[in-house]
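Undergrad: Residues per chain are reported as follows:
Number of protein chains: 2
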Amino acid sequence: MVTSPTEFYERHRDLLDRAIEAAAARDYWSAYPESPSKSVYGEQAAPDGEAAFRALLGAEFPIEVPGATTTVSTELDADVAYPKGDPDDLIAAARAATPGWRAAGPHGRAGVAAEILARLNARIFELAHAVQVTTGQAFVMAFQAGGAHAQDRGLEAVAVALAESTRIPAVAHWSKPQRGGDPLRLEKTSTVVGRGVALVIGCTTFPTWNSYPGLFASLVTGNPVIVKPHPGAVLPLAITVQVCREVLTEAGLDPNVVTLAVEQRGEGIAATLATHPDVRIVDFTGSSEFGDWLEANARQAVVYTEKAGLNTVILDSTADYQGMLRNLAFSLSLYSGQMCTTPQNLLIAPAGIDTDAGHKSPAEFGADLSAALDKLLSDPQRAAGTLGAIVNDDVRARLAEAGTLPGVLHATTPVVVRLDPSDEKTYTREWFGPVSFVITTPTPLELFTRTVRQHGALTALVHSTSETFLDQAREAALDAGVHLSENLTGGVFVNQTSAFSDLHGTGANPAATASLSDAAFVTGRYYTLQSRR
Amino acid sequence: MVTSPTEFYERHRDLLDRAIEAAAARDYWSAYPESPSKSVYGEQAAPDGEAAFRALLGAEFPIEVPGATTTVSTELDADVAYPKGDPDDLIAAARAATPGWRAAGPHGRAGVAAEILARLNARIFELAHAVQVTTGQAFVMAFQAGGAHAQDRGLEAVAVALAESTRIPAVAHWSKPQRGGDPLRLEKTSTVVGRGVALVIGCTTFPTWNSYPGLFASLVTGNPVIVKPHPGAVLPLAITVQVCREVLTEAGLDPNVVTLAVEQRGEGIAATLATHPDVRIVDFTGSSEFGDWLEANARQAVVYTEKAGLNTVILDSTADYQGMLRNLAFSLSLYSGQMCTTPQNLLIAPAGIDTDAGHKSPAEFGADLSAALDKLLSDPQRAAGTLGAIVNDDVRARLAEAGTLPGVLHATTPVVVRLDPSDEKTYTREWFGPVSFVITTPTPLELFTRTVRQHGALTALVHSTSETFLDQAREAALDAGVHLSENLTGGVFVNQTSAFSDLHGTGANPAATASLSDAAFVTGRYYTLQSRR
Numbered sequence: 001m002v003t004s005p006t007e008f009y010e011r012h013r014d015l016l017d018r019a020i021e022a023a024a025a026r027d028y029w030s031a032y033p034e035s036p037s038k039s040v041y042g043e044q045a046a047p048d049g050e051a052a053f054r055a056l057l058g059a060e061f062p063i064e065v066p067g068a069t070t071t072v073s074t075e076l077d078a079d080v081a082y083p084k085g086d087p088d089d090l091i092a093a094a095r096a097a098t099p100g101w102r103a104a105g106p107h108g109r110a111g112v113a114a115e116i117l118a119r120l121n122a123r124i125f126e127l128a129h130a131v132q133v134t135t136g137q138a139f140v141m142a143f144q145a146g147g148a149h150a151q152d153r154g155l156e157a158v159a160v161a162l163a164e165s166t167r168i169p170a171v172a173h174w175s176k177p178q179r180g181g182d183p184l185r186l187e188k189t190s191t192v193v194g195r196g197v198a199l200v201i202g203c204t205t206f207p208t209w210n211s212y213p214g215l216f217a218s219l220v221t222g223n224p225v226i227v228k229p230h231p232g233a234v235l236p237l238a239i240t241v242q243v244c245r246e247v248l249t250e251a252g253l254d255p256n257v258v259t260l261a262v263e264q265r266g267e268g269i270a271a272t273l274a275t276h277p278d279v280r281i282v283d284f285t286g287s288s289e290f291g292d293w294l295e296a297n298a299r300q301a302v303v304y305t306e307k308a309g310l311n312t313v314i315l316d317s318t319a320d321y322q323g324m325l326r327n328l329a330f331s332l333s334l335y336s337g338q339m340c341t342t343p344q345n346l347l348i349a350p351a352g353i354d355t356d357a358g359h360k361s362p363a364e365f366g367a368d369l370s371a372a373l374d375k376l377l378s379d380p381q382r383a384a385g386t387l388g389a390i391v392n393d394d395v396r397a398r399l400a401e402a403g404t405l406p407g408v409l410h411a412t413t414p415v416v417v418r419l420d421p422s423d424e425k426t427y428t429r430e431w432f433g434p435v436s437f438v439i440t441t442p443t444p445l446e447l448f449t450r451t452v453r454q455h456g457a458l459t460a461l462v463h464s465t466s467e468t469f470l471d472q473a474r475e476a477a478l479d480a481g482v483h484l485s486e487n488l489t490g491g492v493f494v495n496q497t498s499a500f501s502d503l504h505g506t507g508a509n510p511a512a513t514a515s516l517s518d519a520a521f522v523t524g525r526y527y528t529l530q531s532r533r
Numbered sequence: 001m002v003t004s005p006t007e008f009y010e011r012h013r014d015l016l017d018r019a020i021e022a023a024a025a026r027d028y029w030s031a032y033p034e035s036p037s038k039s040v041y042g043e044q045a046a047p048d049g050e051a052a053f054r055a056l057l058g059a060e061f062p063i064e065v066p067g068a069t070t071t072v073s074t075e076l077d078a079d080v081a082y083p084k085g086d087p088d089d090l091i092a093a094a095r096a097a098t099p100g101w102r103a104a105g106p107h108g109r110a111g112v113a114a115e116i117l118a119r120l121n122a123r124i125f126e127l128a129h130a131v132q133v134t135t136g137q138a139f140v141m142a143f144q145a146g147g148a149h150a151q152d153r154g155l156e157a158v159a160v161a162l163a164e165s166t167r168i169p170a171v172a173h174w175s176k177p178q179r180g181g182d183p184l185r186l187e188k189t190s191t192v193v194g195r196g197v198a199l200v201i202g203c204t205t206f207p208t209w210n211s212y213p214g215l216f217a218s219l220v221t222g223n224p225v226i227v228k229p230h231p232g233a234v235l236p237l238a239i240t241v242q243v244c245r246e247v248l249t250e251a252g253l254d255p256n257v258v259t260l261a262v263e264q265r266g267e268g269i270a271a272t273l274a275t276h277p278d279v280r281i282v283d284f285t286g287s288s289e290f291g292d293w294l295e296a297n298a299r300q301a302v303v304y305t306e307k308a309g310l311n312t313v314i315l316d317s318t319a320d321y322q323g324m325l326r327n328l329a330f331s332l333s334l335y336s337g338q339m340c341t342t343p344q345n346l347l348i349a350p351a352g353i354d355t356d357a358g359h360k361s362p363a364e365f366g367a368d369l370s371a372a373l374d375k376l377l378s379d380p381q382r383a384a385g386t387l388g389a390i391v392n393d394d395v396r397a398r399l400a401e402a403g404t405l406p407g408v409l410h411a412t413t414p415v416v417v418r419l420d421p422s423d424e425k426t427y428t429r430e431w432f433g434p435v436s437f438v439i440t441t442p443t444p445l446e447l448f449t450r451t452v453r454q455h456g457a458l459t460a461l462v463h464s465t466s467e468t469f470l471d472q473a474r475e476a477a478l479d480a481g482v483h484l485s486e487n488l489t490g491g492v493f494v495n496q497t498s499a500f501s502d503l504h505g506t507g508a509n510p511a512a513t514a515s516l517s518d519a520a521f522v523t524g525r526y527y528t529l530q531s532r533r
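Those sequence lines, one after another, are chains A and B. If you read the first sequence in this note's numbering, its first letter stands for residue 1, the second for the next number, and so on. If you read the second sequence in this note's numbering, its first letter stands for residue 1, the second for the next number, and so on.
You may find that some hints are simply not true.
In silico EDC-like pairs for lysine to aspartate or glutamate, Cα to Cα no more than 16 Å straight-line [claimed, not checked]:
#1 A:Lys84 - A:Glu64
#2 B:Lys84 - B:Glu60
#3 B:Lys375 - B:Asp393
#4 A:Lys176 - B:Asp48
#5 A:Lys38 - A:Glu50
#6 A:Lys375 - A:Asp393
#7 A:Lys176 - B:Glu187
#8 B:Lys176 - A:Asp27
#9 A:Lys425 - A:Glu401
#10 A:Lys84 - A:Glu60
#11 A:Lys176 - B:Glu50
#12 B:Lys176 - A:Asp502
#13 A:Lys38 - A:Asp27
#14 B:Lys84 - B:Glu295
#15 B:Lys38 - B:Asp48
#16 B:Lys425 - B:Glu401
#17 B:Lys38 - B:Glu50
#18 B:Lys176 - A:Asp48
Ranges of calculated distance between the beta carbons of each label pair, as one might list FRET restraints [to be verified]:
#19 B:Asp471 - A:Pro177: 27 to 35 Å
#20 B:Arg18 - A:Ala271: 48 to 56 Å
#21 B:Gly67 - A:Gly181: 50 to 58 Å
#22 A:Gln44 - B:Pro99: 40 to 48 Å
#23 A:Gln322 - B:Leu184: 13 to 21 Å
#24 B:Gly67 - A:Glu401: 44 to 52 Å
#25 A:Leu57 - B:Glu187: 30 to 38 Å
#26 A:Asp88 - B:Gly181: 31 to 39 Å
#27 B:Glu187 - A:Glu401: 17 to 25 Å
Treat the hints as calculated values from the structure; they're not laboratory data. We treat Cβ as the ideally placed atom computed from N, Cα and C, and that holds for glycine.
This is chain A alone, in the form it adopts within the complex (with noise of 0.2 Å):
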């Protein structure tokens, strides 16, 4: 039985509906919730979603895949085979099914996104667990992030996608005075029509979080989109693509316009596919070097990367001592400090920092710092559950590499290690990981700025009780192109951002080229096009 398009969009009306206005207002709301209790998500939720996972494991996941003769199976702990397909059949697929995506229109098109991230949340616990054995992160922040906030970030891209490319009204009459005789009048219809197919690459550490924006703003705009996630991290992804899959067919669409692209670790198809002609869309989360090699070679597409920077933390006073300490130390070890979120340049002045628990010198800082870390992580369980595993062995090189640095605070994870501003060759790298460095500096805010504006950031925090101070700070955050966080002590963390509220990247520095999600990230994926008569 066929559910059109349009119905699925009046089953959901609702929440896109509220989605838009959340959008707008930038408060506080979530569609999804991110509490994996029974009370939420119902007695049978937690078992029954472990149980269709573990029925994934050691078997060829039940996809079709354009072209697909083969199969590939690349994670380190999920044993899972996947169709591959060539990528000109991939393209070749996704372009025989634009024109039936195309006339569903942006509201048929949200409709069946809505109804994709409801299936999504339906199936959490599920998506939870192949998070959390793709990427090394404990289950509850699997859930959480993977789960409830990707969805929500899913479900703003879908609301900012729909609210855009509908301000133009699909009709419109135009009727133009003329000085003694009757109006000049035309009829004005605008169709919104897709930039071309999409790309979709995923990361290893945030395989959902960091795809279902450009996902669903490609989805909802009218493109044709190629998931292709990371060789370590396929099953959150492969899983997504399915429930695409499943509901195009059921809205009486080609399942084509998602389709799953697969490949062995190094085959670079990520790099095939974004280069070819007819793709015209790239959204990419991962390493600043392929990003960069992304912007300059996609040149047929436009090209929204979240690559990694200098996120920095200005260490200026604070009225909470203790409170900033906790908060430090969380983001630090929050899952190995694997997120493009997570701080690594800590800067405080040679002078140290006045606190309300006394003046604090760069040593006093450091040691106080390692304490919290200590503290935070001395119970074996919390630890697990804050620090996650390692993802792969690069971030495990750099971890070594740091505890070799002179000057080291903390050295086991996350590691710290001090420094003084002439060791720019170290604390301008980008450390992805659980590394992070207390330089010590004369001029924070100039080296904040300067560092940012050259290698990128996607967070920065302040710590001041200075009015003054933080009015530098935000001057400084802005010409350094960044959001900026101030004062947390409590439960909200600079790593951390909410969907429909925080604008998560930006492209004005060059850690990223979009901002999820606003105006700018979806009105570059389609174009509207007037006729009249």
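Mind docking chain B on chain A? Use the hints.
TA: Chain B in isolation, oriented as in the chain A frame:
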């Protein structure tokens, strides 16, 4: 006396609100009267404007240009000398003006922009003479396209830029419920930050109309703008920049938010400026050759181009043969076809077309179109008012070349030549100027889609009485990626678009990368940066 940006905003608030409303509704609206009559602009406006224009001739144009030590004079029919600044000085001055402009905020900047437009409108007769003398347009056309319509397009860009850049609220309050505790609360501030120095590269045929959208969109979104006119049409933009600087100064701002960049013909200053690392936005109207070069080489900038293509008319049938012929004749003749929107390729099936005046073969249609052109242009005064003058030798050369082709249907301006589908090398070239082709082809929609997808187009027109054919033509236009007009037989012409209603251009085909003025035209010009506490 200083009038603050906020005061300018308050002065023009009603107009801006109305403009935002009109740009969203896309129905008929205009802020600046297009009639040069005394009843609209007053007794003295015409003589005063002409006197002001005459006073500029033979003199150095009164404008300050950063670092200028010499002057240049490059216009053929207007002996005016303009101060010439060095690109590095212009960019340094623009950068220095940026912080104050950022601090003015979106509403303050829109207020300044609206005041600039009000003063440009007050100088509309002077501007019309400046456009006429530099472009060869007839006076009424210069007044309308170069004056009122350009100002409307400028205000449309102001409206879209203000609406889009203020969608994310300047202040938002986030309050997340916590189980068994106080909610987490954050105050969030959002600031619009311009992308960087903007460059507007003007063209020789519509120096104001094609420059105002980029100029005003960049200004309102927080960017300083360097205006680089075509050496053949400097005066209209010099007056514009003069007005901008006058208003900026009165607002207590650095006038170098807008500067004028002139050059000797062939100096190549546009390329130098466009590829400077600090230039982050480029707006260009002109040849495909230089537009493509900018897209390929101004990699550090977002590049909005309007280039050239194969504007196409598909002739299937009509219920008003005489109206169709009159309408086409005017479209081909207006400003001697020197509009980026003038039809070039008229497609007709070998079987001819059904009309209310009987069936017409391609040969009969060609003869009738030729007769309609003769009739339109038989009165010398009306011919002069319609055709204007040829803008340069390149157009003259193409006109001469076209006259030597076999199959000439109309030998004088505008030249019309009959071609076959096999003459693809001829009709897939863009013949900017008064040269059009009647192409007999059994598959007009296929030829239309194929050639426009490959070579681009700014306009397309279909004549048909068949709803089925019109549906097919609409689908073909969506596939080709071009706006479509249908059955124009009266006072609306395919080469004219109306601000606040018609989108002009689209990135959906190779002739442009921008649409005047949709959201995508403005959202790439700024970033929204948040701070939260």
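Undergrad: Tell me if the straight-line CA distance from B:Lys176 to A:Asp48 falls inside 16 Å.
TA: Given that 16 Å is the threshold and the Cα spacing comes to 29 Å, the pair is violated.
Undergrad: Tell me if the straight-line CA distance from A:Lys176 to B:Glu187 falls inside 16 Å.
TA: 47 Å, violated
Undergrad: If you check the beta carbons of A:Leu57 and B:Glu187, does the distance land in 30 to 38 Å?
TA: Given a distance of about 46 Å, which is not inside 30 to 38 Å, the answer is violated.
Undergrad: Return holds or violated for the Cβ distance of A:Asp88 and B:Gly181 against the range 31 to 39 Å.
TA: Once the Cβ atoms are compared, 55 Å apart, the range 31 to 39 Å for B:Gly181 and A:Asp88 is violated.
Undergrad: Can the restraint linking A:Lys38 and A:Asp27 be considered satisfied, given a maximum Cα separation of 16 Å?
TA: Roughly 27 Å separates the two Cα atoms, so the pair is violated.
Undergrad: For A:Lys375 and A:Asp393, compute the direct alpha-carbon distance and say whether it is at most 16 Å.
TA: Violated, because 27 Å separates the two Cα atoms, which is more than 16 Å.
Undergrad: Given a hinted range of 40 to 48 Å, is it respected by the beta-carbon distance of A:Gln44 and B:Pro99?
TA: 59 Å, violated
Undergrad: Is the straight-line distance between the alpha-carbon of B:Lys38 and that of B:Asp48 16 Å or less?
TA: 12 Å, holds
Undergrad: For the range 17 to 25 Å, tell me whether the beta carbons of B:Glu187 and A:Glu401 fit it or not.
TA: Hint violated: Cβ distance 40 Å, outside 17 to 25 Å.
Undergrad: Given the hinted pair A:Lys84 and A:Glu60, is their Cα-Cα distance within 16 Å?
TA: 11 Å, holds
Undergrad: So the hint says 13 to 21 Å: do the beta-carbon atoms of A:Gln322 and B:Leu184 match that?
TA: Hint holds: Cβ distance 18 Å, inside 13 to 21 Å.
Undergrad: When you check the alpha-carbon spacing of B:Lys425 and B:Glu401, does it fall within 16 Å?
TA: Answer holds: B:Lys425 to B:Glu401 is near 14 Å, not above 16 Å.
In the structure shown, a violation is registered for the earlier hints numbered 3, 4, 6, 7, 11, 13, 14, 18, 22, 25, 26 and 27, in ascending order.
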